[in-house]
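Asker: Chain A: place on chain X using the hints.
As they're listed, the protein sequences go chains X and A. Quick note: the first sequence uses my numbering, first residue 1, plus one each step. Quick note: the second sequence uses my numbering, first residue 1, plus one each step.
These are computed hints drawn from the structure, not numbers from a lab. A virtual CB, placed ideally from N, CA and C, is assigned to each residue, including glycine. There could be a bad hint or two in this list.
What the hints assert, rightly or not - Cβ-to-Cβ under 8 Å is the rule here; a few derived chain A residues that face chain X:
hint	residue
1	Thr2
2	Glu56
3	Leu90
4	Leu112
As the list claims (entries may be wrong) - In silico negatives: residues of chain A with every beta carbon more than 12 Å from chain X:
hint	residue
5	Pro8
6	Lys22
7	Phe64
8	Ser65
9	Pro69
10	Phe75
11	His77
12	Pro83
13	Val111
Here is what each chain is made of, one letter per residue.
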Amino acid sequence: SQQGEEDPQALSIQEGENATMNCSYKTSINNLQWYRQNSGRGLVHLILIRSNEREKHSGRLRVTLDTSKKSSSLLITASRAADTASYFCATDATRGYNQGGKLIFGQGTELSVKP
Amino acid sequence: ETGVTQTPRHLVMGMTNKKSLKCEQHLGHNAMYWYKQSAKKPLELMFVYNFKEQTENNSVPSRFSPECPNSSHLFLHLHTLQPEDSALYLCASSQTSAGELFFGEGSRLTVL
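Just chain X, with the same shape it has in the complex (with noise of 0.2 Å):
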């Protein structure tokens, strides 16, 4: 089964609003991602956050991490219509010692900013 899934599934707001998606896993982690993704185009890394950090800022982003409930959430600050995209968690569990990331994505929330 998936390790994140992300919730809601589709959101649209309008321009200058503020976007909050959230993310749920089930395993213990290292660190959590975010991507985007803009249809038909590859995913570009947003932020990372390790399991012992609880916030994370980036711009206009703000990443936060509760493993205690295996949660995250992004939160996109006064949005814009170039935001409009699809946008997944990843989590990566890799164990073992120069192993490369083994990252499971979520289903993605799109995101709709309207003008």
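Answerer: Using the frame of chain X, we list chain A on its own:
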């Protein structure tokens, strides 16, 4: 430009054809990945290579055959595919243990 290049971007093939997808990374990373993205489904991890050695095969059917001749290049050889294999195939790379993946733009595969 992410430093990961995939070719071709689009591919249409019949069920009896043999084709290959190519991925090249210019980032000096040691790990490379193939993911499959189908409509309405999460990204599925297919294969992981670390220092050219396959370290993950996520129960992928043998009609998909990966090849990693060096740390910069990754291929996915395709043969006798089924229509349900139509999807976006994404290649990614990372430094081992660094976590962050760098993705290519993907190869859109249609199997007729």
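Asker: Decide, hint by hint, whether the structure agrees.
Answerer: Hint by hint, here is what the structure shows:
For A:Thr2, the suggested interface contact is upheld, since its CB lies about 7 Å from the closest CB of chain X, less than 8 Å. A least Cβ separation of about 6 Å between A:Glu56 and chain X falls short of the 8 Å threshold, and the interface hint therefore holds. Hint on A:Leu90 holds. Least Cβ distance to chain X is approximately 6 Å, under the 8 Å limit. The beta carbon of A:Leu112 is not positioned within 8 Å of any beta carbon in chain X (closest approach about 19 Å), and the interface hint is therefore violated.
Even its closest Cβ contact with chain X, about 14 Å, leaves A:Pro8 beyond 12 Å, as expected for a residue assigned away from the interface. No beta-carbon of chain X comes within 12 Å of the beta-carbon of A:Lys22; the shortest separation is about 15 Å. The non-interface label for A:Phe64 is consistent with chain X: the shortest C-beta to C-beta separation is roughly 18 Å, beyond 12 Å. Listed as outside the interface, A:Ser65 is consistent with that label: its C-beta sits roughly 20 Å from the nearest C-beta of chain X, beyond the 12 Å cut-off.
A cut-off of 12 Å between C-beta atoms confirms that A:Pro69 is not in contact with chain X; the least separation is 17 Å. Every CB of chain X lies more than 12 Å from the CB of A:Phe75, the least distance being 17 Å, so the non-interface label holds. A:His77, annotated as away from the interface, keeps every beta carbon of chain X farther than 12 Å; the closest lies near 21 Å. With a closest Cβ-Cβ approach of about 19 Å to chain X, A:Pro83 is found to remain outside the 12 Å limit, as its non-interface label requires.
Consistency note on A:Val111: stated as away from chain X, and its beta-carbon is indeed over 12 Å from all of that chain's, at 18 Å minimum.
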